[in-house]
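Enquirer: Let chain A serve as the given structure and place chain B on it in line with the hints.
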Amino acid sequence: AQSVTQLGSHVSVSEGALVLLRCNYSSSVPPYLFWYVQYPNQGLQLLLKYTSAATLVKGINGFEAEFKKSETSFHLTKPSAHMSDAAEYFCAVSLNSGYALNFGKGTSLLVTP
Amino acid sequence: EAGVTQFPSHSVIEKGQTVTLRCDPISGHDNLYWYRRVMGKEIKFLLHFVKESKQDESGMPNNRFLAERTGGTYSTLKVQPAELEDSGVYFCASSQGTLQETQYFGPGTRLLVL
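Order-wise, the sequence lines are chains A and B. So my numbering is basically just the index in the first sequence, starting at one, shifted up by 519. Mapping to my numbering: the second sequence position 81 is 71, numbers consecutive.
Keep in mind that the hints were calculated from the coordinates and are not lab data. Note that CB positions come from ideal geometry on N, CA and C, so glycine has one too. Mixed in with the good hints there might be a few duds.
Distance condition first, Cα-Cα at most 16 Å in a straight line; then the derived EDC-like pairs of lysine to aspartate or glutamate [stated by the list, open to error]:
1. B:Lys68 x B:Asp14
2. B:Lys34 x B:Glu47
3. A:Lys624 x B:Glu32
4. B:Lys44 x B:Glu58
5. B:Lys31 x A:Glu607
6. B:Lys41 x B:Asp20
Beta-carbon label-pair distances, calculated as ranges [stated by the list, open to error]:
7. B:Leu104 x A:Pro632: 14 to 24 Å
8. A:Ser531 x B:Gln70: 37 to 47 Å
9. A:Tyr558 x B:Met29: 33 to 43 Å
Bound-form chain A, shown alone (with noise of 0.2 Å):
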């Protein structure tokens, strides 16, 4: 069975501070990782994702994560927090990316001034 945990349903950041939303999967087999975002009145939209090549994966709008096998996680990061960062954050494990995504239960991200 895979699942996936994010730890923090809310988290809020100061505009220009650092970014943390953890997630931590499990499975029996090497997994394909993924987060999302979604912003107020849109659908998921795909930020970075995992696929067995590099650990560190860049995506966009200066987000990136790492795969760390050892502690079973895969937190997102961003150096400098901006205002259009607010929305809510979602981490999904999969077996085989084209098959069915197991989600988190999201972590909304607050930005403030």
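Expert: Same frame as chain A, but now just chain B:
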């Protein structure tokens, strides 16, 4: 290129009524997925089409839900009869192939069953 579109954007119905949701995938995408997010819960997979065939429907909650994809283009998801617990946001996604391909999501249909 147009993205995944879903219709309607919102639907409010009474318990016992029928609702049909539609999804138009990105042109040329053979794979189409339905997901649902009930309030306060995570997004859950419902089913996966490859062209017109159901590849995986393990997430369908019960037989009140019927998904079709005639001709392998757009898909419909019908709920009949709707129950209160069916309320939530229904997302559709599509992808070209199954291996390492990104799933592109639509904006979702917000369903409220009263």
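Enquirer: Each of the hints needs a verdict: does it hold here or not?
Expert: How the hints compare with the structure:
1. B:Lys68 x B:Asp14: Holds, at about 15 Å.
2. B:Lys34 x B:Glu47: Holds. B:Lys34 to B:Glu47 sits at ~12 Å (cutoff 16 Å).
3. A:Lys624 x B:Glu32: At roughly 4 Å apart (the allowed maximum being 16 Å), B:Glu32 and A:Lys624 satisfy the hint.
4. B:Lys44 x B:Glu58: 8 Å, holds
5. B:Lys31 x A:Glu607: Answer holds: B:Lys31 to A:Glu607 is near 13 Å, not above 16 Å.
6. B:Lys41 x B:Asp20: 5 Å, holds
7. B:Leu104 x A:Pro632: 14 to 24 Å: 39 Å, violated
8. A:Ser531 x B:Gln70: 37 to 47 Å: Since the Cβ atoms of A:Ser531 and B:Gln70 sit about 42 Å apart, the hinted range of 37 to 47 Å holds.
9. A:Tyr558 x B:Met29: 33 to 43 Å: 19 Å, violated
Of the hints listed earlier, those the structure fails to meet are numbers 7, 9, in rising order.
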